[in-house]
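So the sequence lines, in the order shown, correspond to chains S and A.
Take the working numbering: the last position of the first sequence gets the number 1107, and nothing is skipped along the way.
Take the working numbering: the last position of the second sequence gets the number 618, and nothing is skipped along the way.
Simulated from the structure, these hints should not be mistaken for lab results.
Beta carbons are placed, not taken as given, at the ideal position from N, Cα and C, and that holds for glycine.
Heads up, some of the hints might be wrong.
[To be verified] According to the in silico footprint, chain S covers these stretches of chain A (three or more CB under 8 Å from chain S):
#1 400 to 407
#2 510 to 524
[Claimed, not checked] Calculated from the model, a selection of chain A residues having no Cβ within reach of chain S, i.e. all distances over 10 Å:
#3 E376
#4 R394
#5 A435
#6 I507
#7 Y581
#8 I608
[Claimed, not checked] Facing chain A, from chain S, some residues (calculated, C-beta under 7 Å):
#9 S871
#10 G899
#11 A901
#12 E984
#13 L998
#14 S1000
#15 P1001
#16 E1002
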Amino acid sequence: MMGRAVPAQRRCRGLALSVGVFLAALIAPAVRADDKLLLTGSSTVAPLAAEIAKRYESLHPGVRVDVQMGGSARGVTDIRHGLADIGMVSRALKADEADLTAYTIAFDGVTMIVNKVNPITTLTEEQIVAIYTGKIREWSAVGPGKGQIVIENKAEGRSTLELFLDHFKLSSPEIKADVVVGDNEEALKFVSVSPNALGYVSIGGAVYAADSGVPIKALPLDGVEPTIEAVATRKFPILRELNLVLARPPEGRVKDFINYAQSGEVYDLVKELFYVPIR
Amino acid sequence: MISSKSSSTFRFVDRISKAEPWEDRLLRMILWPAGVLAGTVSLAIVLVITIEAGPGLGEIGVVRLLADPSWHPANGRFNLLPIIVDTVLVAALATSLAAAAGILSAIFCTSFAPRMLATCFTRMIELLAGIPSVVFGLWGMTVLVPAVAALAPPGPSLLAATLVLTLMILPTVTLVATSSLSRVPASLLIGGKALGLSAWSIATKIALPAARRGIATGVVLALGRALGETMAVLMVSGNIVQIPGSLFDPIRTLPATIALEIPYAEGLHRASLFVCALVLMAIVLTTVCFIELFQPESARD
């Protein structure tokens, strides 16, 4: 019985081997070293950088751009040690990072949103902190409207959560939320079907959603209306830059890529990811 | 049991075909790599998850995974216990509801309903089985959650998740129970009738016990699906990590945790999500073992 099975096994081993070699030949990168770019750093910048890289590759056949996540800190470390060609950092550079140069490719702002039927027109920063830490539970305590506030928060690790916590000087464990969602789309969807919900999303996401008829309302913060202009002119209070950083003056392929990433040709990609293009 | 059976089948095939026809040889050449590939892929998945979870189990440790003050991985707190409890709780509740409704409707279909109505009902249940889970989630989020919120805020809750899951696994329980009941030998049912038993007694005292293994397999299959369901639950459960005090409190399941947090997780946070995957697999595998327990005897029927 086994005598018959063995040749069959041997045959398929040969087959598997040839299939493997064929696949390896397909996957093997036929790219020269000087046509390869490596970007590492912030997971907020990475999705945008990856989209830009994809389009850049299609415009420059033979060039390969790799984007790896690892946080803004890794972006800074890698570019200092020459481990990456370009670093990605989702904030302005700090004072002790003066050896680096930042090239802003987009802005990201965070705005509070409520359902369109909610009569509330504005919330102060103190009220927002009190609501998110569970000290205020009713809409009647902060203005017109009634019912229990349904507090929406983002999942751990999301960049909008970090920006929100950072601005309001809160830490994750202090927040008493009723609903946790993943991305902006889910947050918008939930608030659009929940009359008593309060949430926060990327400002671009809120503006594009409201424009396309989703029943939500973005609230002004510190008297600044949540608009794309307020972000682009850096007037909106909860705001950050999405940067590509370099340790040396840009040249060659790196310079070309950065110019492309800052050009108007990628604004549609910036908007798709709910960020705000630079002007 | 299963392996010994299949090897005896092979021996039988060997005996009748001294010179193996070329179709069989071709089939062997196709089947061998296919089998090897399937086996390798599933082993590779288990291996990768275990390796990725390694730092989580090693550096965080089982004690902290079960006893940290909360689940805030970005702040170094990794208490998985409420998530595990929620996962099992919502799956168990949904499976009980689906089992009750599914078995009762299967009895109705096989013993009481006119043939037209039974066929119609079965088609409807099959339609329910064909609805993608994200559609259930969307329906739950836009219809069920606001309805629950009107009863007791906030709305996304254990109750909403249980109801959506129940609807999703109901077809599995109902269809398996219906086919098990309709495979009960007619002689048993006729015997019951000859003894002058009522239709209800025939259904519950004769048909149901005779079909119980098949029904139990269906229920366990449904439980497995309920444990692993991600999207629909994520959309209606609220995803707050806590052991719920009531049906109206939000909960967070293991698959939802992985789906929500993996895109931006790094370091220990990422490793802890692979621990979630490992725990989930262990729970699902345990339920599959229950199916294996039922299987041998039902095969003999």
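Hints and how they fare:
For a cut-off of 8 Å, the count of residues in the segment 400 to 407 of chain A with a CB near a CB of chain S stands at 0, and the three-residue condition is violated. Given as covered by chain S, the segment 510 to 524 of chain A fails the check, having 0 residues with a CB less than 8 Å from a CB of that chain where 3 are the minimum. The claim that E376 (chain A) lies off the interface holds: its Cβ sits roughly 18 Å from the closest Cβ of chain S, which is beyond the 10 Å cut-off. With a minimum CB-CB distance of about 7 Å to chain S, R394 (chain A) fails to clear the 10 Å threshold, and the non-interface call is violated.
The Cβ of A435 (chain A) sits about 37 Å from the closest Cβ of chain S, beyond the 10 Å cut-off, so the non-interface label holds. No beta-carbon of chain S is positioned within 10 Å of the beta-carbon of I507 (chain A); the least distance is around 46 Å. For Y581 (chain A), the shortest C-beta to C-beta distance to chain S comes to about 4 Å, within the 10 Å cut-off, and the non-interface label is violated. No Cβ of chain S approaches the Cβ of I608 (chain A) within 10 Å, the least distance being about 30 Å, so the stated non-interface status holds.
The beta carbon of S871 (chain S) is positioned within 7 Å of a beta carbon in chain A (closest approach about 5 Å), and the interface hint is therefore held. With its C-beta approaching chain A no nearer than about 6 Å, G899 (chain S) sits inside the 7 Å limit, and its interface hint holds. With its C-beta approaching chain A no nearer than about 10 Å, A901 (chain S) sits outside the 7 Å limit, and its interface hint is violated. Hint status for E984 (chain S): holds, given a least beta-carbon distance of 5 Å to chain A, under 7 Å.
Because the beta carbon of L998 (chain S) sits about 12 Å from the nearest beta carbon in chain A, more than 7 Å, this interface hint is broken. Evaluation of the S1000 (chain S) hint against chain A yields a held restraint, the C-beta minimum of about 5 Å falling below 7 Å. Because the closest C-beta pair between P1001 (chain S) and chain A is about 5 Å apart, less than 7 Å, the hint holds. With 7 Å as the threshold, the beta carbon of E1002 (chain S) stays out of range of chain A, its nearest partner Cβ sitting at about 10 Å, so the hint is violated.
Going down the numbered hints, you'll see the structure goes against 1, 2, 4, 7, 11, 13, 16, while the others check out.
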